[in-house]
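Q: Here is what each chain is made of, one letter per residue.
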Amino acid sequence: MHMADALVAPAVAAVMYAASGATATYSVRKVKLEQNIKKIPIMGVMGAFVFAAQMINFTIPGTGSSGHLSGAMLLSVILGPYAAFLTMIAILLVQSLMFADGGLLALGCNIWNMAFYACFIGYLCVYKPILRNKHSRIKIITASILGCILSLQLGSLSVTIQTLASGISELPFSTFLLTMQPIHLAIGIVEGVITSVVLIFIYETRRELIDQQSTYNRLSIKKMMAILILIVALIGGGLSIVASSNPDGLEWSIEKVMGNGELKAEGSVYDTASSVQEKTAILTDYGFENSDSKYGTTFSGLIGSLVVAVICIGCGLVIKIIKKQKKRKPE
Amino acid sequence: MSKLSNAIYEINYIDELSQRKIWINRIHPLIKLMITIIYISIVVSFDKYNLFGLIPMALYPVILFNISETSFILSVKKLRFVLPIVCFVGIFNPFFDHTQFLEINKFVITGGMISAITLIIKGIFTVLASYLLIITTNIESICYALRCLHIPDIFVTQVLLTYRYITLLLGQANTIIQAYSLRAPYQKGIKMKVWGSLVGQLLFRSIDRANDLYDSMVLRGYKGEFYYARKGIRSYMEILYPILWIILFLIIRYVNLVSLLGNIFIS
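As they're listed, the protein sequences go chains A and B. Residue numbering for the first sequence follows my numbering, beginning at 1 and increasing consecutively. Residue numbering for the second sequence follows my numbering, beginning at 1 and increasing consecutively.
Only chain A is shown next, with the shape it has when bound in the complex (with noise of 0.2 angstroms):
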């Protein structure tokens, strides 16, 4: 869905424009690192290729009504997900200039909900994945319909809380959301079905369009790691500050039947079980001993996050040795 300009605030639409430019800024990076100047002419009449295509109303069958390709996954798959999110951003733009098909302000926010969503997340994390080892006509279909599916509900998701954000409806979230995802899902579906057929037809007469983005780069694992390590550091250290402090789901259900969050229980396992619990807990419910400061909830987050990690470690290390020996030991 296009969003104008009258329903973004412009605090949210500099934002939506800081996250949209930080990607196409990547995204002309790695274009410009493949060093192949036909593929700009190719991108750009691509991008008239999609503006006439989504003129096209194909008839849905049964239904009465029609749909049109949006052609971001098509895009993708033919030039691969960065210059297709390039050339999204020039349609996008040209759709908004001529036709008052989304507006200016509401440029960057268009991007992210329709660019993004469809370049790097339907695509890279599902149509690729899907379609890694062999093309298959199922495999097509599937990718295809999955990953528009994707794609489509995380806009339309978006959307939702931009214009939440921007103070625009006086709609409660829950109330709009139920009224957009039905909505796009249905949108999700048919543009799947239309982009898998139009592949398929590709897959059949000129299968080197689509091979030649079929290579999977597999992510490095010190990247993978450095992303994970800044991600359990934000959420262990940080987000954990402002975590509930609300019963659990278990606990509020006891406390509703029984009046009291936690049950008693009378025993020597439980009396012993309770004393190793005592002794071994260094940071008694999440924090510091007699304190309540919350730079306890954040350490016991990293530490917490640090021992499992070295125990996965561990135990992953210990596997391997046990396997290489197995492998070592003669039949």
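Calculated directly from the structure, the hints in this document are not laboratory data. All C-beta atoms in this analysis are idealised placements derived from N, C-alpha and C, irrespective of residue type, glycine included. This list has only true hints and no planted wrong ones.
Which stretches of chain B does chain A cover? Using the computed rule of at least three CB atoms under 8 angstroms from a CB of chain A, they are:
| hint | segment |
| --- | --- |
| 1 | 42-48 |
| 2 | 167-173 |
| 3 | 197-211 |
The hints should help you fit chain B onto chain A, whose structure is shown.
A: Using the frame of chain A, we list chain B on its own:
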């Protein structure tokens, strides 16, 4: 006329308007782009209940339609994409926002009604501002303005080439649809079994055209970048134009002109 033919007509019409030799079209494109963005930002920054403060912002499109000698009626068609979405979002406001603002003969005007009307007016003003930009500035000038803002050349080239080839590919798509319709005269729409081949044929023609385009560009010395002639500031109007508009926008934004005029008439 089919949807595709309408689109081709609209693009050609806008192109003709932007090529006219009138003084507003000769103003530096970067100035017009910045004024448009400032105008849109100021319009959307108005509070949702500040309806009377927003109304004087109509001065900008009214004055510009007169200066650019363009028909306002033809621009109303541009609202067909924006108004339904804006109305869909704003229509629920009266049902959720019951803040009482005014009572006229037992008819209560609530905050929800005011915010819905404000939203629709904002939608109209912002669309008209973008339309006025594109009818007074051709796409090459807009691309030049983007380069002035240090937008990467690869992206600006995309916009230029996409615009250049839209009319051509819309024409080809129109031909394909017409050929299909002539072979299926009693059929409504396009059947599922030809979706793939119909769009696929258009795609192959586009790619082959793109390859020819690349060959012709290389033969003409293309090395990955287009070069633009610099457009300097040529008259005092190009300096006065943005200053006057910004002063007017700030006055409208921070001074409630409607209540000021009302107070003058009452007193």
